[in-house]
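One letter stands for each residue in the lines below.
There are 2 protein chains.
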Amino acid sequence: MTAGFNSTDSFKKLKNAAENIKQFHLRQLFVENPNRAEQLSLKTEHFYFDCSRQLVTKETIALLVKLANEMELKSKIDAMFNGEKINATEGRSVLHAALRDANPRPVIKEVLDHVKTFSKEILSGTKTGVTGKKFKNIVSIGIGGSCLGPEYLATALRPYAQPGMNLIFIANVDGADFTEKTAGLDTADTLIIIVSKTFTTAETMKNAATAKAWLLKGLNNHPEAIKKHFVAVSTAADKVSAFGIDPANMFGFWDWVGGRFSSSSAVGALPLALYLGYDNFAQILQGANWLDRHFQSSPFENNLPILSALLDIWNINFLGYETRALLPYAQGLAKLPAHTQQVEMESNGKSVDISGQPLYFPTGEIVFGEPGTNGQHSFYQLIHQGTQIIPCDFIGFVKPQYEIGVNSATEVNHHLELMTNFLAQPDALAFGKEDSNKAKNFPGNRPSSSLLLDKLTPFSAGLLLAWTEHRATVKGFIWGINSFDQFGVELGKVLGVEQRRLMLEFNATGILNTQGLNASTEQLLKLILIDNLNP
Amino acid sequence: MTAGFNSTDSFKKLKNAAENIKQFHLRQLFVENPNRAEQLSLKTEHFYFDCSRQLVTKETIALLVKLANEMELKSKIDAMFNGEKINATEGRSVLHAALRDANPRPVIKEVLDHVKTFSKEILSGTKTGVTGKKFKNIVSIGIGGSCLGPEYLATALRPYAQPGMNLIFIANVDGADFTEKTAGLDTADTLIIIVSKTFTTAETMKNAATAKAWLLKGLNNHPEAIKKHFVAVSTAADKVSAFGIDPANMFGFWDWVGGRFSSSSAVGALPLALYLGYDNFAQILQGANWLDRHFQSSPFENNLPILSALLDIWNINFLGYETRALLPYAQGLAKLPAHTQQVEMESNGKSVDISGQPLYFPTGEIVFGEPGTNGQHSFYQLIHQGTQIIPCDFIGFVKPQYEIGVNSATEVNHHLELMTNFLAQPDALAFGKEDSNKAKNFPGNRPSSSLLLDKLTPFSAGLLLAWTEHRATVKGFIWGINSFDQFGVELGKVLGVEQRRLMLEFNATGILNTQGLNASTEQLLKLILIDNLNP
Chain A
13 MTAGFNSTDS
23 FKKLKNAAEN
33 IKQFHLRQLF
43 VENPNRAEQL
53 SLKTEHFYFD
63 CSRQLVTKET
73 IALLVKLANE
83 MELKSKIDAM
93 FNGEKINATE
103 GRSVLHAALR
113 DANPRPVIKE
123 VLDHVKTFSK
133 EILSGTKTGV
143 TGKKFKNIVS
153 IGIGGSCLGP
163 EYLATALRPY
173 AQPGMNLIFI
183 ANVDGADFTE
193 KTAGLDTADT
203 LIIIVSKTFT
213 TAETMKNAAT
223 AKAWLLKGLN
233 NHPEAIKKHF
243 VAVSTAADKV
253 SAFGIDPANM
263 FGFWDWVGGR
273 FSSSSAVGAL
283 PLALYLGYDN
293 FAQILQGANW
303 LDRHFQSSPF
313 ENNLPILSAL
323 LDIWNINFLG
333 YETRALLPYA
343 QGLAKLPAHT
353 QQVEMESNGK
363 SVDISGQPLY
373 FPTGEIVFGE
383 PGTNGQHSFY
393 QLIHQGTQII
403 PCDFIGFVKP
413 QYEIGVNSAT
423 EVNHHLELMT
433 NFLAQPDALA
443 FGKEDSNKAK
453 NFPGNRPSSS
463 LLLDKLTPFS
473 AGLLLAWTEH
483 RATVKGFIWG
493 INSFDQFGVE
503 LGKVLGVEQR
513 RLMLEFNATG
523 ILNTQGLNAS
533 TEQLLKLILI
543 DNLNP
Chain B
13 MTAGFNSTDS
23 FKKLKNAAEN
33 IKQFHLRQLF
43 VENPNRAEQL
53 SLKTEHFYFD
63 CSRQLVTKET
73 IALLVKLANE
83 MELKSKIDAM
93 FNGEKINATE
103 GRSVLHAALR
113 DANPRPVIKE
123 VLDHVKTFSK
133 EILSGTKTGV
143 TGKKFKNIVS
153 IGIGGSCLGP
163 EYLATALRPY
173 AQPGMNLIFI
183 ANVDGADFTE
193 KTAGLDTADT
203 LIIIVSKTFT
213 TAETMKNAAT
223 AKAWLLKGLN
233 NHPEAIKKHF
243 VAVSTAADKV
253 SAFGIDPANM
263 FGFWDWVGGR
273 FSSSSAVGAL
283 PLALYLGYDN
293 FAQILQGANW
303 LDRHFQSSPF
313 ENNLPILSAL
323 LDIWNINFLG
333 YETRALLPYA
343 QGLAKLPAHT
353 QQVEMESNGK
363 SVDISGQPLY
373 FPTGEIVFGE
383 PGTNGQHSFY
393 QLIHQGTQII
403 PCDFIGFVKP
413 QYEIGVNSAT
423 EVNHHLELMT
433 NFLAQPDALA
443 FGKEDSNKAK
453 NFPGNRPSSS
463 LLLDKLTPFS
473 AGLLLAWTEH
483 RATVKGFIWG
493 INSFDQFGVE
503 LGKVLGVEQR
513 RLMLEFNATG
523 ILNTQGLNAS
533 TEQLLKLILI
543 DNLNP
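Those protein sequences? They're chains A and B, same order as listed. Here the first sequence is numbered in this note's numbering, starting from 13 and rising by one per residue. Here the second sequence is numbered in this note's numbering, starting from 13 and rising by one per residue.
Hints are supplied without guarantee of correctness; some may be wrong.
Which copy? The list can't say, so a pair holds if one copy fits it or any two copies do.
[Unchecked claim] Lysine-lysine pairs mimicking DSS-like chemistry, simulated, CA-CA at most 25 Å apart:
id	residue 1	residue 2
1	Lys251	Lys224
2	Lys148	Lys128
3	Lys55	Lys411
4	Lys411	Lys193
5	Lys128	Lys25
6	Lys229	Lys445
7	Lys78	Lys411
8	Lys193	Lys148
9	Lys251	Lys146
10	Lys24	Lys88
Just so you know, these hints were derived from the structure itself, not from any lab.
Extracted from the complex, chain A is given alone in its bound form (with noise of 0.2 Å):
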């Protein structure tokens, strides 16, 4: 049994290093140590990471590694890769970097396989729909896991996409999503994609339902249509074939990948390489793999998700700041901030360690961010200027996928006016500027990092895909809970259950019985089923 988090010896040396920096301000960080900015950043093939403007001095990183290591972070790791089952309160493995080896364990190739035939024989027209036209739209029904991580790839992934192929996500129950996404597709050259490990998901077995209708309409209930426009991605082969969908056309996966770290599964791979290619999806694994062995094999304070984690845990246990803000400067990682935010949320949104015992210290951070420079013009007012402090992760790129606008020497392209805005944004924060006008000063002195690769493709996207997962697992083993459950989303669920039973009981007998509701709810029950508010 390690010792807990904050009985560590490391907790109580950082502590104090957190009241010490609080003398500093970054500018003297930076003007005491000429070396600061090499020293504190990172450099490989893939990437350049520069952590130099957080409140943080070698000695911290020293001190946060060493943290690190009396939670026996690398045993940790290895125990994860090594298929232990250490989402202990669920009994499952956590392989999801498996889906991406180099060489996948059978089981794992069998799938893969599987979607590469399938998706050469949809694109290549081989295999269309009941009236022969080739498959254009894709619509892939799932929430959650289901849907964040590939949306966030499909959107960053546009320039790659095969010509004339159309990738639509839905997800919310409400029907407006299905209704405006499917406006105007022709169901004949539609496929659609269910994503429910257990196909029980009620917004998913809703829209499935309504897509179904929807199809059947569209081809005037051809005998085939459920059968050659339907696929799923489920681990629940029975449900599946009563639902009408061809066995043959079930990709299945597993109990070790949870649905927040699924992308590289089947749930990614078939809707990404039918809208991109198989090819480029195999890039995307590339890109996951060779950040899994980075992490695997870097020292801690050369590791990118484990430094990042660890600047993190820096911020939220030491430093006290609650939030982070994800900036990417590039449109297309506009969803990269809504699948990080699940990754961190649903992941580390824990008060009890890993054996069930209540935390003492704070776990998990507020994700959100804008693409930039859209978030410069909304909230960095508040990151700039205000009473609370967030720190910022600055993503950006040496390349652009689209080389618009001139580069002159009167005028910079679209992406030099991007990049100018990259560069100056962490300066702002980290340096400040002091006006004797205090409404114009910047105090400076606020945190961030800066990532830059070279080019967002397939193979980056992947690297951030796995840099995402992995440094929100790194900050769950540190604090010691598990990330891999998510057991706070079934309360809601239970008592959703109930109010749908009420809603039933009333349709079929037109009494609303809010027996053991209370006041509130009931109220609102009786305003939505009887008395509406208009006048």
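We have chain A; now place chain B onto it with these hints.
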């Protein structure tokens, strides 16, 4: 001169009240006071607001009202509506509410009439592009306040779009935004709106120049292409003319309309009237005006924007919660969190009071959110079981925008399925559920409010717009800060100009002069311009 916020008599009493409330659980508060739901809810013909799940009692509300009085809230609101120059640092009035007066002053009416005439000409096909094709694609180029509010409204009101009309917002200077959003558009039927008060916003002018080149290319340099396909929302007539836009197609606004409060001005009016028709836009103004009058005339404790602002202050300053989740149970409100994020964090992310004195209490909250039920499968884990407390705002509707699915004794339609969640989540948060398995224990006592409206229409979307604006404003008034300037965005711009100068010099001479840069920025800039990352 009023007393400072934290030296008022009420402030101290509220601090005590906060200590006191910590001894109670919401379960207990509901049991002890059977009238709690009734006492802590607010019903008008247009909304029902229930704050009984906030960690307050009637007495807390009374104290918060007293605090507002001590901070002279009423006279500050009156001063705003009366046009006094309450944006003191910039010497400006704050009159966005006047834009939706039932009888607007002549200068406003003139612009609205201009929008009305122009939008009718476009929608009827009286005014066409240079080839005679009827316009069907409206591209609005603007960033921050010139985008987020109108985009929220456009997304919320898709069912009200005029047949065949398409509205696209381009904000980011990343060339991907322009390239991907204009891909496949026909220049012949595309009308482009450039939205920039000064007509100098870097991102917007870059995108405007690219749009000009794109349009001229598509229309074979037709001599009237710019005149007929470009319009402007701006106050800078000379610059608009210099760009080639017909002065008759410039729609003005005024220095008493701040960017983030400009949705009711031509900034919102023009794109939205072209997309939804002028009458629907007028309905948005009516909904906002209804809320304006409710705001001006209702007692504080029965006043939606004031009551919600008081609860925010309670949560931020007395209970110590730094963030707020905005959780609309309507896919149409997908962009409301981003708009609210701007309104709140740009308005109230300030560290000095209106006279420039430093503040010793937190202002501003970090607002984030996603539409329900999507967020439930993502970050809600932390909201339910995390170590941090995040006050939540739930928003729901009695009626859906689209009637999808079957309502019977055995199934509920999409909308009721959605509403089971709207009802269940606040109860799960407030009351929790004890479990001896601590990983499955829900502590509860997590605060939320529920706002129920009839249906998402232009009217209610306008009401929500005004609610969002006034809620932020009220907090600023009570904190004693200026919610209407945004000097915090300036330093990044200045440093960005310097980066651009270095890049232009490099373009001209091939020499990168990094003198004066810190070592971190120097290295990043070198990697971007010269060295690149790849091996």
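Each hint, compared with the structure:
no.: 1; hint: Lys251 - Lys224; verdict: within (15 Å within a copy, 54 Å between copies)
no.: 2; hint: Lys148 - Lys128; verdict: within (17 Å within a copy, 40 Å between copies)
no.: 3; hint: Lys55 - Lys411; verdict: within (17 Å within a copy, 55 Å between copies)
no.: 4; hint: Lys411 - Lys193; verdict: between (32 Å within a copy, 20 Å between copies)
no.: 5; hint: Lys128 - Lys25; verdict: neither (52 Å within a copy, 67 Å between copies)
no.: 6; hint: Lys229 - Lys445; verdict: neither (64 Å within a copy, 44 Å between copies)
no.: 7; hint: Lys78 - Lys411; verdict: neither (37 Å within a copy, 57 Å between copies)
no.: 8; hint: Lys193 - Lys148; verdict: both (15 Å within a copy, 19 Å between copies)
no.: 9; hint: Lys251 - Lys146; verdict: neither (28 Å within a copy, 50 Å between copies)
no.: 10; hint: Lys24 - Lys88; verdict: within (23 Å within a copy, 48 Å between copies)
Comparing the model with each numbered hint stated earlier shows that hints 5, 6, 7 and 9 do not hold.
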